[in-house]
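Engineer: Each chain, letter by letter, is given below.
Number of protein chains: 2
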Amino acid sequence: MKLSLEEAERIADRLWYRNVDGTVVAVVQDAETKEVLMVAYMNREALIRTLTTGRMHYWSLSRRRIWMKGETSGNVQDLVKAYVDCDGDAVLFLVRQHGVACHEGFKSCFHNEVKSE
Amino acid sequence: MKLSLEEAERIADRLWYRNVDGTVVAVVQDAETKEVLMVAYMNREALIRTLTTGRMHYWSLSRRRIWMKGETSGNVQDLVKAYVDCDGDAVLFLVRQHGVACHEGFKSCFHNEVKSE
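Protein sequences, first through last, are from chains W and H. Every letter in the first sequence is one number past the one before it in our numbering, and letter 78, counting from 1, is 78. One gets our numbering by counting positions in the second sequence from 1 and adding 117 to each.
Because the hints were derived from the structure by calculation, they are not lab data. Treat the hints with care, since some could be wrong.
[To be verified] Dumping the calculated DSS-like pairs for lysine-lysine here, alpha-carbon to alpha-carbon at most 30 Å:
id	chain 1	residue 1	chain 2	residue 2
1	W	Lys115	H	Lys224
2	W	Lys81	W	Lys107
3	W	Lys115	H	Lys232
4	W	Lys107	H	Lys151
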């Protein structure tokens, strides 16, 4: 999915950037399997780049810059669908994941199950 | 799923409460349909109450208090499984949702699709 700059800005203007560094929470779900792959953060610019290019871009809290997922690893994410939540501070993205989402080599960043030991 | 207080505290001690008000991001997914229902925030205490009671509790950023999902609406969420992400600042919860998750009456808070108009 790709939007025009005008459409992307219209969406971006409706959100509530209440999170760290003026971001919304991005939840990323595999469009086919429905597995939740990762959570990241987006400022207005990262959201607009995502919507206009069709490739997932985030705001890195640690590096304090926008990055495209897969820019070094090649594990890019193509945007399939997106949904804004009811209070506008989180966005759910359904993506086609190339390779794996987790930098530790797992498909999903949520690979550590909470269990009794 | 329920853990002992000791087990819950052990999990809670491993997380990175880097978000607003010292919280982690909680992504809530329907355990059966895999639909993403909502995103909320948890401080250490909300996480421990969730893991020890088996009922989802969150930190409300607006009301600045812990609340149990469904405490007024009856739309409680039973914890089925949980996964911590690779950097420990987000937790994915698979739940059994009673009624709907969204206060606007929809099953999921992510009911506003982003589209060209």
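Engineer: Decide, hint by hint, whether the structure agrees.
Structural biologist: The hints, checked one at a time:
no.: 1; hint: W:Lys115 x H:Lys224; result: holds, 28 Å
no.: 2; hint: W:Lys81 x W:Lys107; result: holds, 19 Å
no.: 3; hint: W:Lys115 x H:Lys232; result: violated, 40 Å
no.: 4; hint: W:Lys107 x H:Lys151; result: holds, 16 Å
Hint violations for this structure: number 3 only, all remaining hints satisfied.
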